[in-house]
Structures are given as structure tokens and as C-alpha cells.
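A.B. asks: Read off the chains here:
Number of protein chains: 2
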Amino acid sequence: MRAPASVGMRLEEIDTPALLVDLESFEKNLKTLGDSLRGHDVRVRAHAKTHKCPEIARRQVAAGAIGVCCQKVSEAEAMVEGGIEDVLVSNEVVGVPKLGRLGALSTRARLGVCVDNRDNLRQLEASGAKLDVYVELDIGMRRCGVAPGEPALALAREIARSRTLRFAGLQAYHGRAQHLRSMAERRAAIQAACDQVVLTKALLEKAKIPCPIVTGAGSGSFMFEVETGAWNEIQPGSYVFMDADYARNEWAAPLPRFEHSLFVLATVMSRPAPDRAIVDAGLKASSVDSGMPGVWEKPGLVYAAASDEHGRVDIAPGVAAPALGEKLLLVPGHCDPTVNLYDWYVCVRQGVVEALWPITARGASL
Amino acid sequence: MRAPASVGMRLEEIDTPALLVDLESFEKNLKTLGDSLRGHDVRVRAHAKTHKCPEIARRQVAAGAIGVCCQKVSEAEAMVEGGIEDVLVSNEVVGVPKLGRLGALSTRARLGVCVDNRDNLRQLEASGAKLDVYVELDIGMRRCGVAPGEPALALAREIARSRTLRFAGLQAYHGRAQHLRSMAERRAAIQAACDQVVLTKALLEKAKIPCPIVTGAGSGSFMFEVETGAWNEIQPGSYVFMDADYARNEWAAPLPRFEHSLFVLATVMSRPAPDRAIVDAGLKASSVDSGMPGVWEKPGLVYAAASDEHGRVDIAPGVAAPALGEKLLLVPGHCDPTVNLYDWYVCVRQGVVEALWPITARGASL
Numbered sequence: 072m073r074a075p076a077s078v079g080m081r082l083e084e085i086d087t088p089a090l091l092v093d094l095e096s097f098e099k100n101l102k103t104l105g106d107s108l109r110g111h112d113v114r115v116r117a118h119a120k121t122h123k124c125p126e127i128a129r130r131q132v133a134a135g136a137i138g139v140c141c142q143k144v145s146e147a148e149a150m151v152e153g154g155i156e157d158v159l160v161s162n163e164v165v166g167v168p169k170l171g172r173l174g175a176l177s178t179r180a181r182l183g184v185c186v187d188n189r190d191n192l193r194q195l196e197a198s199g200a201k202l203d204v205y206v207e208l209d210i211g212m213r214r215c216g217v218a219p220g221e222p223a224l225a226l227a228r229e230i231a232r233s234r235t236l237r238f239a240g241l242q243a244y245h246g247r248a249q250h251l252r253s254m255a256e257r258r259a260a261i262q263a264a265c266d267q268v269v270l271t272k273a274l275l276e277k278a279k280i281p282c283p284i285v286t287g288a289g290s291g292s293f294m295f296e297v298e299t300g301a302w303n304e305i306q307p308g309s310y311v312f313m314d315a316d317y318a319r320n321e322w323a324a325p326l327p328r329f330e331h332s333l334f335v336l337a338t339v340m341s342r343p344a345p346d347r348a349i350v351d352a353g354l355k356a357s358s359v360d361s362g363m364p365g366v367w368e369k370p371g372l373v374y375a376a377a378s379d380e381h382g383r384v385d386i387a388p389g390v391a392a393p394a395l396g397e398k399l400l401l402v403p404g405h406c407d408p409t410v411n412l413y414d415w416y417v418c419v420r421q422g423v424v425e426a427l428w429p430i431t432a433r434g435a436s437l
Numbered sequence: 072m073r074a075p076a077s078v079g080m081r082l083e084e085i086d087t088p089a090l091l092v093d094l095e096s097f098e099k100n101l102k103t104l105g106d107s108l109r110g111h112d113v114r115v116r117a118h119a120k121t122h123k124c125p126e127i128a129r130r131q132v133a134a135g136a137i138g139v140c141c142q143k144v145s146e147a148e149a150m151v152e153g154g155i156e157d158v159l160v161s162n163e164v165v166g167v168p169k170l171g172r173l174g175a176l177s178t179r180a181r182l183g184v185c186v187d188n189r190d191n192l193r194q195l196e197a198s199g200a201k202l203d204v205y206v207e208l209d210i211g212m213r214r215c216g217v218a219p220g221e222p223a224l225a226l227a228r229e230i231a232r233s234r235t236l237r238f239a240g241l242q243a244y245h246g247r248a249q250h251l252r253s254m255a256e257r258r259a260a261i262q263a264a265c266d267q268v269v270l271t272k273a274l275l276e277k278a279k280i281p282c283p284i285v286t287g288a289g290s291g292s293f294m295f296e297v298e299t300g301a302w303n304e305i306q307p308g309s310y311v312f313m314d315a316d317y318a319r320n321e322w323a324a325p326l327p328r329f330e331h332s333l334f335v336l337a338t339v340m341s342r343p344a345p346d347r348a349i350v351d352a353g354l355k356a357s358s359v360d361s362g363m364p365g366v367w368e369k370p371g372l373v374y375a376a377a378s379d380e381h382g383r384v385d386i387a388p389g390v391a392a393p394a395l396g397e398k399l400l401l402v403p404g405h406c407d408p409t410v411n412l413y414d415w416y417v418c419v420r421q422g423v424v425e426a427l428w429p430i431t432a433r434g435a436s437l
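Top to bottom, those sequences are chains U and X. Counted from 1, the first sequence has number 248 at position 177 by this note's numbering; the numbering is strictly sequential. Counted from 1, the second sequence has number 242 at position 171 by this note's numbering; the numbering is strictly sequential.
Among the clues, some could well be false.
No distinction is drawn between identical chains; accordingly, a pair holds when it is met within one copy or between any pair of copies.
Said to hold, decoys possible - With a straight-line Cα cutoff of 20 Å, these simulated SDA-like cross-link-like pairs (lysine to any residue) come out: (1) Lys102 x Glu152; (2) Lys398 x Asp190; (3) Lys272 x Glu368; (4) Lys398 x Val167; (5) Lys398 x Arg189.
No lab work stands behind these hints, which were simulated from the structure alone. Quantities reported herein were computed from a predicted structural model and do not represent experimental measurements.
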């Protein structure tokens with residue numbers, strides 16, 4: 072798919088819809104994460120499911136991350152292909168085709184995977200791949216994962232007995248906690264999760280099964296996990312971009328405030344009435360699962376409804392209306408599924424295109 | 072992006088998530104549309120924004136369509152590239168880069184475009200392209216379009232005066248009517264729209280401006296438009312696939328009932344509790360803007376929540392629970408943005424892969 076811009080173009084010249092990265096804010100976000108972790112004994116394994124782009128992964132590693140995590144084997148392939156040497160598939164991998172690819176990939180990079188099921192563990196072992204295996208705990212998300220405590224211990228025992236697999240630790244991510252709006256709610260959810268992690272670690276220790284890593288945490292909660300001391304690896308993804316949904320959270324110390332660095336650039340393609348403008352970015356340009364995109368720095372303009380290829384922007388009375396052909400920056404409601412709609416990041420610094428980064432794992436869902 | 076299957080595979084062997092077309096239902100839908108139009112003087116211009124695939128467009132043309140419509144210039148490029156000779160961009164095209172491409176494309180195929188704004192019309196004319204131009208009417212959708220009556224006439228007059236552009240008729244699509252649930256509501260909405268079309272046609276006739284085509288109508292309403300006699304071209308898109316949202320409509324004569332032919336094949340990747348299964352298809356595999364996907368022919372299994380890469384399927388008490396690794400067919404909530412997530416259709420007949428069709432306009436949003 073052709074890129075909507077070329078290097079050197081000004082913002083106004085970029086074809087739309089386009090997915091923009093504001094490099095100054097992006098770089099600031101990388102630095103902010105590092106700054107907030109200073110003095111804590113924790114490593115960063117940035118989540119590549121957010122950006123799907125080795126160019127970004129390499130910058131995360133340069134900023135101190137030990138590698139990335141992915142949700143899919145095909146994403147992991149794109150990351151290894153792009154030079155990332157340590158990848159955790161922070162998810163279960165089921166089925167012969169995927170296990171085969173995972174095994175092949177494990178000969179090219181350090182590779183980890185999660186399990187929450189004994190049958191799946193046997194399939195993994197039968198594949199012959201040499202892998203770091205993490206037991207995924209359900210610490211409150213009610214998605215995948217085994218119950219903390221004895222069920223987790225039982226699975227860890229089996230991994231520890233394996234000749235090809237290595238028990239690497241616990242995957243303990245609380246997705247549901249990330250968007251609890253108040254700091255107090257998020258802190259409480261992570262504290263409850265921490266109790267489950269600590270309980271499980273104690274059982275492992277008693278069973279003399281070393282548990283090198285407890286990994287988890289997202290952009291909305293990671294400092295809570297860090298401060299408990301129970302996690303020694305974190306997996307933030309959205310922090311590089313921020314999105315409108317994360318911005319609705321309460322942000323205060325110990326969590327740093329990240330900046331919006333991801334935008335959808337849209338063009339006003341119709342001005343049918345004084346109270347509305349229609350832009351060329353709809354459902355196929357910005358995912359609305361977590362709400363409509365916001366209109367950036369244009370008070371009185373509200374992106375109110377999306378259809379497949381159109382967005383309706385309502386114009387408040389008395390507000391300067393955008394002209395036909397005018398470009399608007401939108402802040403996506405949810406960054407991850409929005410990124411997955413695009414083949415290119417158009418990277419902008421002070422209004423000029425500095426680079427185009429291919430989103431090589433766009434659509435990598437296998 | 073690699074395909075999740077190869078020809079000859081059985082359904083159970085397809086890697087997931089995968090976008091499936093059931094060829095028998097798909098072919099039946101093509102035939103059903105033709106059957107329901109028999110005896111009516113109306114031509115079909117199938118909407119390619121739904122499928123984004125020349126393989127499908129060619130089958131629509133073989134089944135009687137005179138060509139396709141698209142929403143984007145880049146989609147139109149993919150269709151012309153794929154051998155379609157008559158394409159209407161049923162949308163406004165704004166900005167120099169897009170108008171340049173539209174002009175270049177118009178030398179390779181019959182090409183139409185819509186306008187709803189005098190400034191945009193002047194840009195179009197300045198581009199020098201030879202195009203069929205349709206005046207888009209707002210007949211109740213409150214998206215793009217000029218008001219019916221005098222404003223539409225004024226725009227048509229300007230087109231008729233142009234040396235390069237040809238006034239081809241009216242674009243009169245009522246998107247909002249498509250999902251009004253009852254037949255009576257949809258019929259009433261289209262009747263009101265019809266009054267506006269008839270009024271505008273009468274003004275054009277009085278002004279001696281020939282109006283060869285009135286085009287519009289979608290899968291949820293087209294027989295209402297056809298029965299009014301005011302439209303002589305229809306633009307159904309979703310009829311080839313149907314989706315869960317369209318299935319929630321009331322369907323009765325004169326509208327035919329189309330079959331679900333589009334599915335997302337998903338794998339149960341975690342069975343953490345008796346009352347839930349987790350599948351490997353989430354927001355990046357099925358768009359949820361119009362509701363969650365449905366689980367096909369598995370009563371008691373409800374796809375209840377989607378996160379980026381996971382779907383939670385709730386299992387009703389007493390219902391046979393799906394096993395780890397079992398494959399489920401999901402009916403997407405909304406076909407168009409779901410298709411836009413995939414690079415391949417896996418075409419299946421009686422449970423065996425017969426073909427792989429590339430979705431060449433996937434991501435074509437410019």
C-alpha cells in the first residue's frame with residue numbers, strides 16, 4: 072500500500088487519512104518511562120502489539136528495554152525479522168501451524184511463550200522447541216490464565232520437568248485494571264493482584280522451583296506493580312502513543328503523564344451545513360471500540376459519529392468552522408486497533424515529515 | 072501478509088483468525104439479488120467498499136452488475152487494476168493529490184465522482200479530468216450532500232456548463248435508513264427520500280438538464296428504491312456477505328433474504344473456566360462498531376467481549392463447552408470494517424478451501 076507522504080513534506084501536503092507520529096512527543100514518552108523507573112530494579116519489555124513496528128521496537132531497546140512482547144507468533148516473526156533479539160509471546164499459542172512457526176523462530180532469537188493449560192503445554196513440548204515458558208496467572212482480568220496458587224504451581228512443576236522447555240516465571244497482567252479511571256481503583260486492583268502473585272511465588276519457592284521473572288503491567292498501572300516489588304519486568308505498550316481513552320484516566324504520581332504522539336490526519340471533505348463538517352476518516356481510519364477520536368486542539372469541534380469512510384464533526388455555535396480541504400488532527404480512541412489499520416507511520420517533527428516507518432506487523436494476527 | 076490456508080485444506084486445518092467466504096452462500100446471494108430485480112428497469116452498481124476485492128467485483132459484473140462503486144480513489148485504482156471498467160467513486164474527492172490520481176485513472180476506465188460543493192467542483196474542473204459527475208443529495212442521512220431542490224439544481228447547472236465534466240445524474244443514498252429495524256420504518260424513510268429525488272428531477276427537467284442516472288440504495292432498502300421508480304441504479308454492497316447487524320433487521324418481501332457468507336474462523340486458545348472460552352479473534356479480527364460477532368450455529372455460546380487479540384465466549388449452563396483448539400465460526404457484527412482487517416479471503420466450499428482471493432484494496436483509504 073502506497074505511503075500517504077514523502078520525507079520533507081509539510082503537514083498540509085500529506086494525503087489523508089494518514090497515521091502520524093509526532094516524533095518530539097514520541098521521544099519524550101520513551102524518556103519519561105525511563106525516568107520514572109530510575110532507582111527501581113525492574114526491566115522493561117515493551118509491548119509491540121501497540122505499534123507493530125520494528126523501527127519503534129529498536130528505539131525502545133535503545134532506550135533501555137530488554138526486548139519486546141507480542142500477542143501473536145506472526146508479530147514475533149516481524150519483530151525478529153526487524154532485528155529484535157528477545158521476544159516474549161505474552162499469550163497462549165495453540166495449534167500445530169503456530170507451534171511449528173514458534174519453534175522455527177526460537178532458533179533465531181530468545182523466545183518466550185505463556186501457558187495456562189496442561190494439554191497446551193504438552194503440545195508445546197511435543198513441538199521440540201527450546202523456549203522460555205511463563206505460567207499465565209489470572210489476577211483479575213478473567214480472560215486467559217490459571218488461578219494463582221496451587222494450579223499455577225502444578226503447571227510450573229510440569230514445565231520444570233521438561234527437557235526442552237524452561238520455566239521462566241509468571242505472566243501476571245491485569246488488563247482490566249488499566250482503564251479503571253481513578254488512581255485509587257487502579258492501585259487497589261494491582262494490590263489485590265500483587266497478593267496473588269506473592270502467594271504463587273511463595274508456593275514456587277517452597278517447591279524449590281526458581282521463578283526468575285514476574286512480568287506484566289501496562290501503561291495505566293505499571294508504577295503500582297513496580298512499587299509492590301513483586302514484578303521485575305513490565306510490559307507497557309500504549310505509553311509510546313497514548314490515546315483518547317487512556318487520557319480519560321486520572322494521572323498522578325507515581326504514574327508519569329505521557330503525551331499524545333499518535334494522530335490520524337484527516338481532511339474536511341464536505342461542509343454541508345454550518346453545524347457540521349465531514350472528514351475523510353471513519354471506521355476504517357480510527358477504531359471506535361473505546362470511543363470516538365478526539366479533535367486535537369480545536370475546542371468546539373467534536374467528532375460525533377463515524378461511518379465506514381466518514382466522520383461527522385459537529386461544530387459548536389460561534390466556533391470558527393473548518394474550511395473544505397482543511398486538515399484536522401484526530402487523537403484515536405484506542406491506539407492498538409487503529410495502528411492495525413495502517414501500513415505506514417508518517418513521522419513528523421515540527422510539522423515536517425522526517426521519516427516513514429513501515430508497520431510491518433500490520434494485520435499479523437496469526 | 073501470508074495467507075492462513077492453502078487450496079485443498081479442510082476447515083479444521085486453516086490457521087486462525089481467518090476471514091472465510093462460504094462460496095455456496097456467496098453465489099446464492101449474487102443470484103438472489105438478480106432474481107429480485109427481474110422485471111425492473113434498474114441497473115446494479117455493486118459497492119466494492121464492502122469487499123475491496125476485484126475477484127468479487129468480477130463475479131458481480133458476471134452476474135449482471137454494470138460496474139462497481141468505491142468510496143476512495145485508492146479503492147477505485149485497485150478495481151481498475153483488477154479489470155473493472157466502470158467505477159463510480161460514490162463520494163466527494165478533495166485535495167490535489169487525490170484529484171490527480173482520479174484524473175490519471177479516468178484515462179483507463181469509465182470513472183464517475185460525486186460533488187456537493189462549488190469549490191470542490193472548480194478543483195475537479197481545474198484538474199482537467201474527463202469524468203462523469205453526480206450531484207450528491209442529502210436525502211436524510213445528514214452526512215455529505217447538498218439539499219435537494221434548488222441547491223442541487225444550481226450545482227448541476229455548473230457541471231452542465233463544464234467542458235471536461237459531464238453531469239451524469241444524482242447520487243441519492245440514504246445510509247441511515249439501511250439499519251432502521253422494521254420494514255415500515257425503512258419504507259417510510261425511502262419514500263420521504265424519493266419525494267426529494269422526484270422534486271430535484273423535476274427541477275432539472277424544467278431547466279432542460281438531462282439527468283440520466285439516479286443512483287443510490289443499499290442492501291437494507293434497495294427494493295423500496297426500486298419500487299418507487301425514481302432510482303435507475305442501485306449500489307448494494309453488504310448483500311454479498313450479510314453481517315450480524317444486518318441480520319437484526321426485519322426482512323420480508325419485497326426485500327429478499329440474503330445468507331451469511333462471511334465468517335471469521337477462530338480457535339479456542341484458552342479454557343480457563345467452565346463458563347468461558349477464549350478465542351484468538353478480538354478487535355483486530357472482527358470490528359465491533361456495530362456489536363459483537365455472533366457464534367455461528369452454537370446455541371448457548373455467546374461472544375460477549377473483545378479485547379485487542381482475544382474474544383471471550385460465554386458458555387451457558389448445560390451447554391457442551393468447546394474444547395481447547397476447537398474452531399468456531401463467527402459472524403462479524405459489521406462486514407465492511409472487518410474485511411478491511413484482512414489480506415485474504417479463504418474461500419470454502421463444503422468445508423474445503425477452493426480458492427484464496429487477495430483483498431487488494433485492504434487499507435486503501437486514500
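A.B. asks: For every hint, state whether the structure bears it out.
C.D. replies: So, going through the hints one by one against the coordinates:
1. Lys102 x Glu152: neither (26 Å within a copy, 46 Å between copies)
2. Lys398 x Asp190: between (53 Å within a copy, 16 Å between copies)
3. Lys272 x Glu368: So Lys272 and Glu368 fail the 20 Å test inside a copy (47 Å) and across (43 Å) alike.
4. Lys398 x Val167: Answer is between; shortest inter-copy Cα gap is 13 Å, intra-copy 47 Å.
5. Lys398 x Arg189: between (53 Å within a copy, 19 Å between copies)
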